[in-house]
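Asks: Residue numbers (the UniProt record's numbering): 1 to 203.
Derived by calculation from the structure, the hints in this document are not laboratory data.
Any given hint could turn out to be false.
[Claimed, not checked] Each computed EDC-like pair below joins lysine to aspartate or glutamate, with the alpha-carbon atoms no more than 16 Å apart:
#1 LYS128 to ASP96
#2 LYS77 to ASP46
#3 LYS36 to ASP96
#4 LYS128 to ASP179
#5 LYS85 to ASP96
#6 LYS191 to ASP72
#7 LYS195 to ASP174
#8 LYS149 to ASP179
#9 LYS85 to GLU57
#10 LYS195 to GLU57
#11 LYS110 to ASP150
#12 LYS164 to ASP150
#13 LYS164 to GLU199
#14 LYS149 to ASP174
#15 LYS85 to ASP72
#16 LYS130 to GLU169
#17 LYS191 to ASP179
Since the structure is predicted, the reported quantities are computational estimates derived from the model, not experimental observations.
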Amino acid sequence: MKRFFIPAILILIFCGGGKEKKVSVQKTEVELAQKKSVLIVIAHSDFRDEEFKEPFELLKNSGFKVTVASTDTTPAKGMLGMVVKPEILISQVIPDSFNALVIAGGTGCKNLWDDKVLHNIIRNFYDKHKTIAAICIAPVVLARAGILKDKKTTVYPRVADEIKPYCGEFTGRDIEISDNIITGSGPQVAKDFAKAILEAISK
């Protein structure tokens, strides 16, 4: 069984002054990324492992601060056995603390479809034009939050009927990007989903 615990790391950087008047302001991609924080929401049980792991690892390795939220802060278990300890409750999320929102899928995500607190968080991100990404059956949460009315969207094929009445156009593609919203069709495209998120928030 994999255990996936997220450490909190505090880095203090001190800059000393010098005699030279010219100071280089060029920053690496990692330095720029460290200024951004991403929230990943997972179901407390039966989230889909790859749909969490791929974005989490790619974003962390690219220098982003990633926080995991769920409906409980005791260890959450994925469908394939991964164990993740969420750092905060969904109800404790302060949207202004994050630059992007990612929602992993999995069968347990159905318990989040009608989560009103999560809906409010999603609408807050949407109103501020922040990146919102959902994969597998998680795009249904976005639909029920009311943000897909004029958007192209994809979702796990078995729940397509849950989303079609609420989106501008259902495409059924592996990955769909419509303005600031990214949707993915399932675990088989988790890596591409993660890459799309990284590209969107690195601009």
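Asks: Name the hints, by number, that the structure is in violation of.
Replies: 5, 6, 11, 13, 14, 16, 17
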